[in-house]
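Protein chains: 4
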Amino acid sequence: MTATQWTATSLLGRYDEVRGHTERLAAPLSPEDQTVQSMPDVSPTKWHRAHVTWFFETFLLADNEAGFSPYQDTYWFLFNSYYEAVGPRYARAERGVISRPGAHDVGVYRGNVDERVRSLIDGLDQGSLDKLADTIELGFHHEQQHQELLLMDIKHVLSLNPLQPVYAGTPAAPTAPDQLGWVEVEGGLVEIGHRDASFSFDNELPLHQAWLEPYRLADRLVTNGEWLEFMADGGYRRADLWLSDGWGRVNNEGWAAPFYWAEHDGVWFEHTLNGTWPVDPGLPVSHVSHYEADAYATWAGKRLPTEAEWEHGVRADSERAGAASGAGNLADTETWHPRSAGPANGHLRQVSGDCWEWTSSAYLPYPGFQTAGGAIGEYNGKFMSGQMVLRGGCALTSPGHARTSYRNFFPAGARWAMSGVRLADGGAPRLSTTGTGA
Amino acid sequence: MTATQWTATSLLGRYDEVRGHTERLAAPLSPEDQTVQSMPDVSPTKWHRAHVTWFFETFLLADNEAGFSPYQDTYWFLFNSYYEAVGPRYARAERGVISRPGAHDVGVYRGNVDERVRSLIDGLDQGSLDKLADTIELGFHHEQQHQELLLMDIKHVLSLNPLQPVYAGTPAAPTAPDQLGWVEVEGGLVEIGHRDASFSFDNELPLHQAWLEPYRLADRLVTNGEWLEFMADGGYRRADLWLSDGWGRVNNEGWAAPFYWAEHDGVWFEHTLNGTWPVDPGLPVSHVSHYEADAYATWAGKRLPTEAEWEHGVRADSERAGAASGAGNLADTETWHPRSAGPANGHLRQVSGDCWEWTSSAYLPYPGFQTAGGAIGEYNGKFMSGQMVLRGGCALTSPGHARTSYRNFFPAGARWAMSGVRLADGGAPRLSTTGTGA
Amino acid sequence: MTATQWTATSLLGRYDEVRGHTERLAAPLSPEDQTVQSMPDVSPTKWHRAHVTWFFETFLLADNEAGFSPYQDTYWFLFNSYYEAVGPRYARAERGVISRPGAHDVGVYRGNVDERVRSLIDGLDQGSLDKLADTIELGFHHEQQHQELLLMDIKHVLSLNPLQPVYAGTPAAPTAPDQLGWVEVEGGLVEIGHRDASFSFDNELPLHQAWLEPYRLADRLVTNGEWLEFMADGGYRRADLWLSDGWGRVNNEGWAAPFYWAEHDGVWFEHTLNGTWPVDPGLPVSHVSHYEADAYATWAGKRLPTEAEWEHGVRADSERAGAASGAGNLADTETWHPRSAGPANGHLRQVSGDCWEWTSSAYLPYPGFQTAGGAIGEYNGKFMSGQMVLRGGCALTSPGHARTSYRNFFPAGARWAMSGVRLADGGAPRLSTTGTGA
Amino acid sequence: MTATQWTATSLLGRYDEVRGHTERLAAPLSPEDQTVQSMPDVSPTKWHRAHVTWFFETFLLADNEAGFSPYQDTYWFLFNSYYEAVGPRYARAERGVISRPGAHDVGVYRGNVDERVRSLIDGLDQGSLDKLADTIELGFHHEQQHQELLLMDIKHVLSLNPLQPVYAGTPAAPTAPDQLGWVEVEGGLVEIGHRDASFSFDNELPLHQAWLEPYRLADRLVTNGEWLEFMADGGYRRADLWLSDGWGRVNNEGWAAPFYWAEHDGVWFEHTLNGTWPVDPGLPVSHVSHYEADAYATWAGKRLPTEAEWEHGVRADSERAGAASGAGNLADTETWHPRSAGPANGHLRQVSGDCWEWTSSAYLPYPGFQTAGGAIGEYNGKFMSGQMVLRGGCALTSPGHARTSYRNFFPAGARWAMSGVRLADGGAPRLSTTGTGA
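As they're listed, the protein sequences go chains A, B, C and D. Be aware that the first sequence starts at 0, since it is given in numbering that gives the first Met the number 0, and climbs by one per residue. Be aware that the second sequence starts at 0, since it is given in numbering that gives the first Met the number 0, and climbs by one per residue. Be aware that the third sequence starts at 0, since it is given in numbering that gives the first Met the number 0, and climbs by one per residue. Be aware that the fourth sequence starts at 0, since it is given in numbering that gives the first Met the number 0, and climbs by one per residue.
Chain A extracted, bound-state conformation:
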């Protein structure tokens, strides 16, 4: 996964940085906050904190620590997320009934594993370190994924509380939508996938070729203000705009606005980690499902980009801008909220750090994809079914985590992730055909 040259010192430094970030994110949350599971998709904060620790214990310490034994046998069972090869595991949907270990106990568990990991790394010669660095670095990226999930999940937990609790921070002043422009992208036979020696997940590989017709990408995300127009035009009441499954959800679940929006006395409010505030028309719309994103695009006479179009377009634009390949990481701010696009500049804006962007691509293996052997092979491959790809990163993504080839994925109906919409256009084939199907 990586060819970075790690030393014990740099590894330990990064280890402390990543591990410390998790605890910093959990710090504003009470033991009660950390206990709740508000729906099966959501995990309690203290479960996230324990699970990422279990990951290091299981995949690093178990095979490499002299005289290893689990910190607690039952933790082995409780904090396994989905690794069948590691053994039986506690039911996901029941994580919220486990009051113990409590938040403090989890802190003690984290400390114990931290000490053992540090001790292990300290004692490695460079050869052994080179061999283990991939696994440790995977642990970093794994923990970062859970940092983002921790925030998405607690956002959902707090959203259900009539007391409207605040996680942290204060919202920025309202903004007006910035102008929308389009970036033209020349297609052709392009290369898709992770391409250098730095870390990536296995689902970004192998690098391969794909054929793209010329297309255009919107230079910023769809805004709340534009979404209000969609709503005002009956967006949630017109069957003709929706995929059939999406229309079913609209009706069965009463969708009438983005996930965290609620109307009071004619004004739309949005639940955020900063509290509940009037919807800001200039910010990107967030927490919409793939179905909503698709319906919006249909309404707008446009479409969603494929993941290949997204990746190639962002890379091409970035190269044109002279930016380093694979850049676009989140600035180290902690607003917990997408930002406004700012003035048009001829390049793609908001490509990371605002909202994960729904694509029109199903989450499937790249040609020639191979999973790793053993439990770690369950990391990505087995989920390549029934989900859609999102690209970019969001305001909850940890600094340095996402990249241009990064493939996130959620079911088409998922709304609790910080997901938004970038439109695409063009891309029709230039082949002539005599038939016209219907």
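Calculated directly from the structure, the hints in this document are not laboratory data. Mixed in with the good hints, there may be bad ones.
What the hints assert, rightly or not - No farther apart than 20 Å at their CA atoms in a straight line, the calculated lysine to any residue pairs in the SDA-like style are these: (1) A/Lys381 with B/Pro410; (2) A/Lys130 with A/Ala7; (3) A/Lys381 with A/Phe368; (4) D/Lys301 with D/Gly224; (5) A/Lys381 with B/Thr297; (6) C/Lys381 with D/Ala413; (7) A/Lys381 with B/Gly300; (8) A/Lys301 with B/Thr297; (9) D/Lys130 with D/Asp62; (10) D/Lys130 with D/Trp5; (11) A/Lys381 with B/Trp298; (12) A/Lys301 with B/Ala371; (13) A/Lys301 with B/Gln369; (14) C/Lys301 with C/Val182; (15) A/Lys301 with A/Arg429; (16) D/Lys301 with C/Gly373; (17) B/Lys301 with A/Gln369; (18) B/Lys381 with A/Asn251; (19) B/Lys381 with A/Glu252; (20) A/Lys301 with B/Trp298; (21) B/Lys381 with A/Gly233; (22) A/Lys381 with B/Gly233; (23) C/Lys301 with D/Ala371; (24) C/Lys301 with D/Ala231; (25) C/Lys301 with D/Pro364; (26) D/Lys381 with C/Gly373; (27) D/Lys381 with D/Ala371; (28) D/Lys381 with C/Asp124; (29) D/Lys301 with D/Ala231; (30) B/Lys381 with A/Gly247; (31) C/Lys301 with D/Phe382; (32) A/Lys381 with B/Ala299; (33) B/Lys301 with A/Arg429; (34) B/Lys301 with A/Gln143.
Put chains B, C and D on the given structure of chain A with help from the hints.
Just chains B, C and D, lined up with the frame of chain A:
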């Protein structure tokens, strides 16, 4: 959808042929058989017979018959399948509680519409006929789709009856598996989609380019005998072979064999439209879900083909064989069962008329896909979400219905369709990449 | 159960009478009508016809016919309703997926068993006949119960059909509510239960004593007109009128009127076996749940009678009127609908043949109740949990079936039975007590 | 509800005692423990602590405190349990997603209300105090009910944790079953209900007469050892022992032992508030449903007592023993577990403080029962449907709470309450009857 030159005579001839075939399929079924809906996916036989009639009434007669009024206002509501633009409709899952109109009443309805359609066609000048031919031909293909569904559905209805009823026919003598070979396919930038002036559905368009690495296709379908080996090797008990969602189904629904198989005293039996018989090892395995097909391929060290690989491979093989493009239609036999592959001949065998073949492709729009306007635009496009593509055709497909570019689709967990498995191999990109994700 | 002196001739006569009545009830129903199961509580008509036949085959022929073998092994399984001791049985909720045996096949089955039963009875000497008469007579009463269920069930099936089909007959002319009076009943230590040598079910025994304070019974059932007043006064919107479980049903299931009522343009219509007609204000309200009956009584400042109050009150009134004990059987009309009460006459009106009357008594065993041994012991006893008692009989009850001590029972939320409401009042104890609980 | 002569001092003393007991029970529980709702029937500990406080705020302070305003408007909504008349309320099944107010915040809320209640009582003249004493005393008994529920609920929460946490205490040494004897009770026309001026709930009134045939009560509860015999004899596998609904639960939910029992390597263990220990054969069986109690009684050739039999029998036995009427309260120990019966002494043993005892009586209003007006009238009456009565009290019942006329109630399938079994026998009527039903 079509550029066939129809005359009133040829249209009327084809109309009678298609309509008559539906009634012939329903003929062995009692009024009670025609009434039952055994699960929400299944529709009663008499509903199918009425719905395809409603289709002609709605899309042909309503706009073109002088002084049109519906045969029965309530039928307008009862027999609309999913056309939002046509108006409200009766709940799909409740079709089995509607005892009236009975099977005979539906026959009367069919006769009424037949007479009016014939009268309409008879009275058309060639110009009008040319304008309406597309809609009428769509009605033919629509009715053929329901002919296949009628058979799949009644197969399910009868399967739940402890009396083990027979629909029709008798099974062939048991066969031994034929030898498996592989057909090499050169990839490159290939053309995918319907390519000539004959009829196709809109989802087969537009014709477009796709990039394929070189690959191989198995020259026949996976057999029951091979599936028994998969089962004997713990195929349904090994989590490592399965997609996560598939493994969930295995456990929640107790999957341990193909859909219609049941074990009695150590022998596996299969429910067929010919009755319940010991599993024939030489026939293609059928009624397996995408999840099972994928797990089998993983177990075999192979994979499923993409739909582009399937279509290009079949077309290339067919051209190599000197066969007419788009051929491969079902021979006009009515065994209601896939046949054995027969001896290897250097070409792809069983590419139509045996089992629909699961591909690894999600059912998504082709680049540049456009739906038609109005209700007819709901035919395919709104279902392009959450389903997988199957190719080829099956033993229940009506003669002349399927073609090389035909895209069938079902959810990954569906098993009541006559679906089977063809393996693929190769196809990995030849690009070098330094990263190795995990 | 009985001490009637039967002869072979009288038994055969009654057998033919009861069996013929079932077929007469099914006669207006098409094979499709007879196939549908519209909800788990409802059974298909042809299932009822087969099950009552299976009852004679199982409980009479199996032990007493020389060389007995079942008519069809699978029928043994398909048509067992709930007798655990008889063996495994087909799932109740899936009766509607069994298209075969069809309605005609069931008729053939009935004929076969009829012939065998007649032949058995013909060959019995009086001693053997005396021993078997109880079982045969139980079969009569069992079949009568299913005759009533057949009508209740098909009423539900037809109610779901937008074509609004008619079972039979035509409705009577609308009537105005008759005046309501009250019949005073002296309580004391009274005898409850079946008391003579004629047939009864085991749940009507043993005869026992119960203490009743003086009370009053309404001399007729609550009418549709009165129910409309309850609705107009917010009856379905006021939580304070309802039992907690009832209020839950009102809200979860959207109850706003009796089961078969629907409002069109401000007029309430009622689905009946005669078709759908405007609600007749003079007829007894029917198809209301125990929860609704209880809420109505609370609204009216009254209460429901206990089953002991009902039985004692009806018996006392009947004795006062000089009527034969146990009388009150349904007149042999087939209106399929409750009738108006007619003018007050100082006696209890509508005590049979109109609507089953909800009591405030849970369905529990009488003191000293004993079930019979073997499968037949499952007839009543195992259902004495979670249900409420209804008394009287309804317009769908077969002639000669019900009696004063008869205990019918349904869950408190059931609405598809023809159930109505008679109010009670008084009955408070005359003991002095110093505490006042709350 | 009461005629006790309260003074401000005695009321304040009792207030502090009851309120303090709640906090003492919650003390061993972490904030995380207090947050979890393990099933809809269970409420979080901190919810119980807040709800009983809300009860005083709503029913005492709101109408009687000068210048009253709610402590927190949202608490008014969150901590209303089921009082429709008080206004809308938070969904019961979602109590576990509310992390805030936390356990500490609830403590602050309790302190605030305590201070205001004390201040109110302090300022009352005797006339006002007499008027409010009923409501305040109801608040005591209400809080005691929740003290018991708090313990039952946290027992369930901890039972689901694979870490097998202990609430408090240690188990006693194992015991052997004490000998079972029978106490004969003469029936006749007896008085049932609360009979003196002390506090009772409204459901214990009015005092009324009932007729009882002579009967016998077992002089102790059924033991774990006896239950093991029932299990060994196929008690959970024999349909003939069970009510139909009970048998459904056995099969659908896999019941094979009491609720908190689990088998490991052939030994049965029981989850208790003291931890998980081998089943003690001498202790009363607990946490069995009404269905199980009934099946056990059937197996033993006995039956459950009616609630009238229980109440009259306990009162008669108590008078015979010279004990004060209404006595039998829980000794002030905190073992959190039923105790062994001890040696037979000719009287009824274990009639309080061990297990709530299932009766065969449905929970229905006594003759002449009246609810209070307003919200407080919702306390008991609206739940008189679909539940069974339990009598006596259990080891989790607060000291001084239960009494001989006390009516507890749960659905027949409930198992998480500390419910056990006392057998009864006899009671058949001495009336002669000629019919024998079946």
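Check: Can you give the numbers of the hints that this structure goes against, from lowest to highest?
Finding: Those not satisfied are hints 8, 20, 24, 26, 28, 33, 34.
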